[in-house]
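J.: Let the hints inform the model, and build the full structure from the sequences given.
Which chain is which? The protein sequence lines are A and B, in order.
Heads up: the first sequence begins at 630 in my numbering, then just goes up one per residue.
Heads up: the second sequence begins at 630 in my numbering, then just goes up one per residue.
No wet-lab data here; the hints were simulated from the structure.
Check each hint, because a few of them may be wrong.
The list cannot tell twin chains apart, which means a pair is met if one copy fits it or any two copies do.
[Claimed, not checked] Computed cross-link-like contacts, DSS-like style, restricted to lysine-lysine with a CA-CA straight-line distance of at most 30 angstroms:
#1 K670 - K709
#2 K794 - K830
#3 K853 - K1010
#4 K1010 - K914
#5 K918 - K715
#6 K785 - K803
#7 K800 - K785
#8 K803 - K830
#9 K800 - K853
#10 K794 - K918
#11 K785 - K631
These figures come from a predicted structure and were not determined experimentally.
2 protein chains.
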Amino acid sequence: MKIIVMGGDGFCGWPTTLHLAKKGHQVLIIDSLARRGIDEKLGTNSLTPITDIYTRIKVASKLITKIDFVNIDIASEYEKLKLTIKKFEPEAIIHFAEQRSAPYSMKNEQTRNYTINNNITATHNICSAIVEINKDISLIHLGTMGVYGYNDRFGKIPEGYLDIKVLETNKRSKIIYPSDPGSIYHLTKVLDHDILQYYNKNWGINITDLHQGVVWGTETPETKLDNRLCNRFDYCGDYGTVVNRFLMQAEIGYPLTIYGTGGQTRAMIHIEDTVKCIEIAINNKDINKDIKIYNQISETINLKRLANTIKDITNCQIQYIPNPRNELSDNALEVSNEGLLSLGFEPILLKNSLCDEICNVVSRYKNRVNLETIMPSSYWK
Amino acid sequence: MKIIVMGGDGFCGWPTTLHLAKKGHQVLIIDSLARRGIDEKLGTNSLTPITDIYTRIKVASKLITKIDFVNIDIASEYEKLKLTIKKFEPEAIIHFAEQRSAPYSMKNEQTRNYTINNNITATHNICSAIVEINKDISLIHLGTMGVYGYNDRFGKIPEGYLDIKVLETNKRSKIIYPSDPGSIYHLTKVLDHDILQYYNKNWGINITDLHQGVVWGTETPETKLDNRLCNRFDYCGDYGTVVNRFLMQAEIGYPLTIYGTGGQTRAMIHIEDTVKCIEIAINNKDINKDIKIYNQISETINLKRLANTIKDITNCQIQYIPNPRNELSDNALEVSNEGLLSLGFEPILLKNSLCDEICNVVSRYKNRVNLETIMPSSYWK
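T.: Here it is as structure tokens:
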């Protein structure tokens, strides 16, 4: 199948590209390399030494199969985007090409404005181009569990929709789960979803939205084929996701930084599972014509328990620091992930794989840590 | 009170500006004059001969009180927007500065992209600037009844929120009314509302969102003070709202163009009421710290009945043409407007004022009609 991976140079996009290529798909990466530019601006880096996109493409094309790359800022270069899609004739587009850090989106007015303008325009430009070029192109969008919010408002979180009764009129209906985003970044994924719903409703565009948990880990079977295919590992206060941050901290002897009480429960997924779930979504994109929403998660855990699990393995210290975020101090978070499970997804669990991550990635590159970027530097208020 | 009217040169913005100035407020208009530019591009015009913004400002400042104007494209000139707000120190901002035609937003990929990018960035830039400059500035945003959709899904439409019970868990909650926009334009107002909710939640910004019906009429007591203060009257297939289109057609002997069955019910409001409702919203902006949502409408009527009402007055013809829109052929639309009524709003009704509009505006300028712009030229599919 011909597939375009928008944001194919990123943390999730790159291993997805390699996996799909390995499975025999013909993949074109479209990426503006903006994530690398933000690293430069923030003075941060990937713990793992990642090669430039051209080396990545060259090595992957040699070891796996030919992969193509075009540098496009899909938010500002609509015409170039459209021509490239038209020429490649993809059957599916996978859309990772958004600013994806919640703290970065809350850092200041520039990052706030950038995140809104970039993400909304990017998503809308893809939809608009699909209508123009070929309405049969399927779109797989990466959402976030954060669109539901962490408020325990309705009990167990279903996959995207909620069956309700209106109290005043007794009418029953299935509605899109009421959103409650916790940051400007999460807000953009809510806005994206509204846009996707409308493009599905008016033009019948075939869409899958994957509300993904917090991704952890680094490598997949394909990124391990060669050092030069290595995936990025973010550990800074802005871009590092909580498991990876904790693992890095444990390894360098820095007390794990729990924000607030640690009672916050989040859904987690290993990067290898991200890649597999996207493959499942692609293989099942034609199940029906409605928007398909799946919760792309493996398990839920609260931050205190996560920290203690890592402490049990590494004997590290734990510190509690004031929460830079505006969120509930405790939440339960029960989530359905039946959709992907029913399609064959078999999750990798934290308890079985944390040790591997520490031994194979973190311990190997721990000398690359920039200590100054560990603490939070973005505040919600 | 110092008030900024974003989009203060437009159909709703201009009479609002004059009314607030008349009431003793100090008003600054911020406008990019984009609406006038679109008229030029489309080859359309206002039925009424409107003067340029500088003449408007000069005459109003002489006859009413000093009004100021700054030309800013608030979607693309964030820094200029911020400096201007900072310098003026408003207590409230009224936000009309969006592309506001549903047909125009569905015309082609350029107008689709423009409407999304312009409206979302504009709304977000205002919110972002308020956080940066002074979180106590109140924001009054013009929404649309179209965010609810015309689907009769839950019975009578309340004001913004819906009390529900979740069927699986029996939990009760008040949720934001599930949106169902009918065009890219309406979608932008859904996205706007999501943004407003988040800015209220995280930064406590004081916001009123007015879900307005279809506006008709032209003049208000203040625009009638001098010919040079005259408000615009759109009658083309893209920008003309249904009542005004029908009145113009009746007057020039063009059979009224009912799209589809005419069973579509819409909420209507006279421009004079728009202006009064905004004044009410401003005077009551501090009622509470939640987002206040009001349905800014006077009455509901279906298009067939509307056409027949006008036929009774003018003895005009009626024609049914294929519906360019993607919408239900019939809907009921029962709507609450208790919020504004309870604050003193006394609606002007169609049956009492249609004749005035025909005599005072339409008959006077009917020689200015460009016949080529009457029929729809934007299609949903």
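J.: Please write out, lowest number first, the hints stated earlier that are contradicted by the structure.
T.: 3, 9 and 11
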